[in-house]
Amino acid sequence: MGILINKNTRVLVQGITGHEGSFHTAQMKEFGTDVAGGVTPGKGGSEVFGIPVFDSVKEAVEEVDPDATVVFVPPRFTADAIFEAIDSEIELIVCITEGVPVHDMMRICAYLEGSSSRLIGPNCPGITTPGGSKAGIMPNPIHLPGNIGLVSRSGTLTYEIIDLLSKGGLGQSTSVGIGGDPIIGTSFVEILNLFEEDPATHAVVLVGEIGGTAEQDAIDFIEAMSKPVIAYVVGVSAPPGKTMGHAGAIVSKGGGTAREKIQAFESAGIMVGNSPEDIVNKLKNIVII
Amino acid sequence: MDLYEHDAKRIFSKYGIPVPAGDLVTDARQAGEIAAKLGHVAIKAQVLAGGRGKAGGILTAATPQEAVQKAERIMGMSIKGLTVKKLLVEEYKKPEKEMYIGITIDRKARSPVFIAATEGGVDIEEIAKSSPEKIFRTHINPLTGIHDYQVRSVAYLLGRADSASISDLVRKLYMIFTDHDCMLAEINPLVRTSGAFYALDAKMVIDDNSLFRQEFAQEEEDELSALAKQHGMSYVGLDGDIGCMVNGAGLAMATLDMIEQHGGRPANFMDVRAGADEEQIRTALQIVSANKNVKVIIINIFGGLTRCDEVARAIAGREIKIPLVIRLAGTHEEEGRKILSDHGISMAMSTQEVARRAVELGHTH
Numbered sequence: 000m001g002i003l004i005n006k007n008t009r010v011l012v013q014g015i016t017g018h019e020g021s022f023h024t025a026q027m028k029e030f031g032t033d034v035a036g037g038v039t040p041g042k043g044g045s046e047v048f049g050i051p052v053f054d055s056v057k058e059a060v061e062e063v064d065p066d067a068t069v070v071f072v073p074p075r076f077t078a079d080a081i082f083e084a085i086d087s088e089i090e091l092i093v094c095i096t097e098g099v100p101v102h103d104m105m106r107i108c109a110y111l112e113g114s115s116s117r118l119i120g121p122n123c124p125g126i127t128t129p130g131g132s133k134a135g136i137m138p139n140p141i142h143l144p145g146n147i148g149l150v151s152r153s154g155t156l157t158y159e160i161i162d163l164l165s166k167g168g169l170g171q172s173t174s175v176g177i178g179g180d181p182i183i184g185t186s187f188v189e190i191l192n193l194f195e196e197d198p199a200t201h202a203v204v205l206v207g208e209i210g211g212t213a214e215q216d217a218i219d220f221i222e223a224m225s226k227p228v229i230a231y232v233v234g235v236s237a238p239p240g241k242t243m244g245h246a247g248a249i250v251s252k253g254g255g256t257a258r259e260k261i262q263a264f265e266s267a268g269i270m271v272g273n274s275p276e277d278i279v280n281k282l283k284n285i286v287i288i
Numbered sequence: 000m001d002l003y004e005h006d007a008k009r010i011f012s013k014y015g016i017p018v019p020a021g022d023l024v025t026d027a028r029q030a031g032e033i034a035a036k037l038g039h040v041a042i043k044a045q046v047l048a049g050g051r052g053k054a055g056g057i058l059t060a061a062t063p064q065e066a067v068q069k070a071e072r073i074m075g076m077s078i079k080g081l082t083v084k085k086l087l088v089e090e091y092k093k094p095e096k097e098m099y100i101g102i103t104i105d106r107k108a109r110s111p112v113f114i115a116a117t118e119g120g121v122d123i124e125e126i127a128k129s130s131p132e133k134i135f136r137t138h139i140n141p142l143t144g145i146h147d148y149q150v151r152s153v154a155y156l157l158g159r160a161d162s163a164s165i166s167d168l169v170r171k172l173y174m175i176f177t178d179h180d181c182m183l184a185e186i187n188p189l190v191r192t193s194g195a196f197y198a199l200d201a202k203m204v205i206d207d208n209s210l211f212r213q214e215f216a217q218e219e220e221d222e223l224s225a226l227a228k229q230h231g232m233s234y235v236g237l238d239g240d241i242g243c244m245v246n247g248a249g250l251a252m253a254t255l256d257m258i259e260q261h262g263g264r265p266a267n268f269m270d271v272r273a274g275a276d277e278e279q280i281r282t283a284l285q286i287v288s289a290n291k292n293v294k295v296i297i298i299n300i301f302g303g304l305t306r307c308d309e310v311a312r313a314i315a316g317r318e319i320k321i322p323l324v325i326r327l328a329g330t331h332e333e334e335g336r337k338i339l340s341d342h343g344i345s346m347a348m349s350t351q352e353v354a355r356r357a358v359e360l361g362h363t364h
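Those protein sequences? They're chains C and X, same order as listed.
Numbering that gives the first Met the number 0 applies: residue 0 is where the first sequence begins, and numbers increase by one.
Numbering that gives the first Met the number 0 applies: residue 0 is where the second sequence begins, and numbers increase by one.
Just chain C, same shape as in the assembly (with noise of 0.2 Å):
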């Protein structure tokens, strides 16, 4: 089981012929993921790794009806390539590409509303389900099948704690990183909610970061769920002002600081660990293997 994908779910890959896109789709096959065919225009008729390639995502869902496409293509035409795949009703969009303006970005959730497709990300590591599929970049070994679910804003401090999760036993459901930008495709609410309805996930762990109140927008939505969460939230030594690596990471006037986040979580009742490694101990603790 587990959230967004499993091993029936046939993944297009936009931007399959580039460095990144490649190297990914390889990767993607290697963990099992049904990678059904590549975008990119004006390679259509050739293929990767003996994946058919086409010209338009239009092309790819007539010939081989894929559920779910992963975006590799560059920020200039990163929009572009999202439109082009909520026009083709693909299910779930997953945008790893990191550097994607903000303006386009609003535009995109504004015609996401009422379409029948869902974006993850951008500016993230995509979606991970251990023993069924992989839609993302996330590195194949670190998985193991199991209960906890996973959604995190950042990356490769994602890597860590499935890595560390995995070697303390505990095993999960799905990973899903939501993405480090100021606006992105799908919340940390809309995930806590697949988690919440997915009868494979019996326990939650919500990695943020400072900028933006995402986490505490989750608060009310957490207390209320019956499953136990357990957040983390990084950033505490950043200074205000400065964009921390990924474009939303930032402390503004407005606030957005981890020491914000990780009171209201407190406050709330909510757990919280100080480090991959408390996380894992913490959730030992109350989750029946």
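FYI, nobody ran anything at the bench for these hints, they're computed from the structure.
In this text the structure is predicted, and so the values were computed from the model without any measurement.
Treat the hints loosely; a few may be bogus.
Keeping only pairs whose Cα atoms sit at most 27 Å apart, straight-line, the calculated DSSO-like set for lysine-lysine is [to be verified]:
id: 1; chain 1: X; residue 1: Lys13; chain 2: C; residue 2: Lys241
id: 2; chain 1: X; residue 1: Lys79; chain 2: C; residue 2: Lys241
id: 3; chain 1: C; residue 1: Lys252; chain 2: X; residue 2: Lys79
id: 4; chain 1: X; residue 1: Lys228; chain 2: C; residue 2: Lys241
Here are the in silico distance ranges between beta carbons for each label pair [as the list claims (entries may be wrong)]:
id: 5; chain 1: X; residue 1: Met76; chain 2: C; residue 2: Asn139; range: 24 to 34 Å
id: 6; chain 1: X; residue 1: Phe215; chain 2: C; residue 2: Phe76; range: 13 to 23 Å
id: 7; chain 1: C; residue 1: Phe220; chain 2: X; residue 2: Arg212; range: 31 to 41 Å
id: 8; chain 1: X; residue 1: Gly80; chain 2: C; residue 2: Asn139; range: 30 to 40 Å
id: 9; chain 1: X; residue 1: Ala160; chain 2: C; residue 2: Gln262; range: 44 to 54 Å
id: 10; chain 1: C; residue 1: Gln262; chain 2: X; residue 2: Gly262; range: 17 to 27 Å
id: 11; chain 1: C; residue 1: Phe76; chain 2: X; residue 2: Ile321; range: 24 to 34 Å
By construction, the Cβ of each residue, glycine as well, lies at the ideal position given by its N, Cα and C atoms.
For chain C, the structure is supplied; the task is to place chain X on it using the hints.
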């Protein structure tokens, strides 16, 4: 990226938003020449920091002589750590009424929000806290742009008698906001004086991600951040002594937090970004070690597209006087570990361990 007031005013002016006549000077004496032409002037420090007025960086002068004196006083002063090197000298406008209009991005609503207030010249965040009823907000659908009824509601709030001129300003500000990929476009204060409106101050923050399609010369506050950006990396200087080189922003922040948890102080934040190759890692190492306070350097890589063997090759066989504490995990981890151990370098197994070891090493150096 923040724009200087004078750059933002140039853009405002191009779009037909009235700004006071004036010019930019780099020499205090030039302020006298401008004052001779304009009469009563305002002299404004051009630095990318708020609170210039409170810091004494904005003064007025009635005569050319006074303008030179005041300009000399401001030039070279330090405002929030930034040295004043340029002044904007412009016609002084005595405000009859000060207001606020601005457009920013509401992350939660995922759309632009137009903000207006009947009070201006002060910090909008402060008004928002002290008297929220004075602030008007309206969200804009990014696909349709601002609607006429929204423009009218701002205009009626700020002055029914002047609704035509205010509507015009509101529309122009929204055009500036979208045309320049702004995170913020703000007029604070917008003043009314002798029946006319002027943007006395102008603030624009441009989305860094849009710079491939916007023509702004990026000005970095320090050399190391600028160098890192040139190479597609992100660097923020901090005041500790443990240098950090990490791939991924979240992992980099977690590394800094753990250094502090172990009682150490990070010297910098650095995200080398995904897919860093040997060359990139070498450059990153140069940037981190260029900070003279650095006593020990952490290299913490969890490779996806970044390959551990490439990172190891960039480190191994290089003469670095500063001790390194290294953790490599992920793609080609075994190969990376082997290259390092062949060179007698040991590896930490987690972020926790790399942070702890670096803090211990820092104490003994």
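To see whether the hints hold, each was checked on the structure:
Proximity of X/Lys13 to C/Lys241 is assessed by CA-CA distance (about 30 Å); at most 27 Å being required, the pair is judged violated. Note on X/Lys79 and C/Lys241: the hinted pairing holds, with a Cα-Cα distance of about 14 Å set against a maximum of 27 Å. Among the hinted pairs, C/Lys252 with X/Lys79 is consistent with the structure: their alpha-carbon atoms are about 15 Å apart, no more than 27 Å. A C-alpha spacing of about 14 Å is found between X/Lys228 and C/Lys241, which places the hinted pair at or below 27 Å, so the restraint holds.
Checked against the hint of 24 to 34 Å, the pair X/Met76 and C/Asn139 fails, with Cβ atoms roughly 57 Å apart. In this structure, X/Phe215 and C/Phe76 meet the distance hint of 13 to 23 Å, their C-beta atoms being roughly 21 Å apart. Remark: the range hint 31 to 41 Å for C/Phe220 to X/Arg212 is upheld by a beta-carbon distance near 37 Å. Take X/Gly80 and C/Asn139: their Cβ atoms lie about 46 Å apart, and the range 30 to 40 Å is violated.
Distance hint check for X/Ala160 and C/Gln262: the Cβ-Cβ separation is about 48 Å, which falls inside the suggested range of 44 to 54 Å. The given range of 17 to 27 Å is respected by C/Gln262 and X/Gly262, whose C-beta atoms sit roughly 22 Å from each other. For the pair C/Phe76 and X/Ile321, the supplied restraint of 24 to 34 Å is violated, since their beta-carbon distance comes to about 41 Å.
Checked against the numbered hints above, the structure violates hints 1, 5, 8, 11; every other hint is satisfied.
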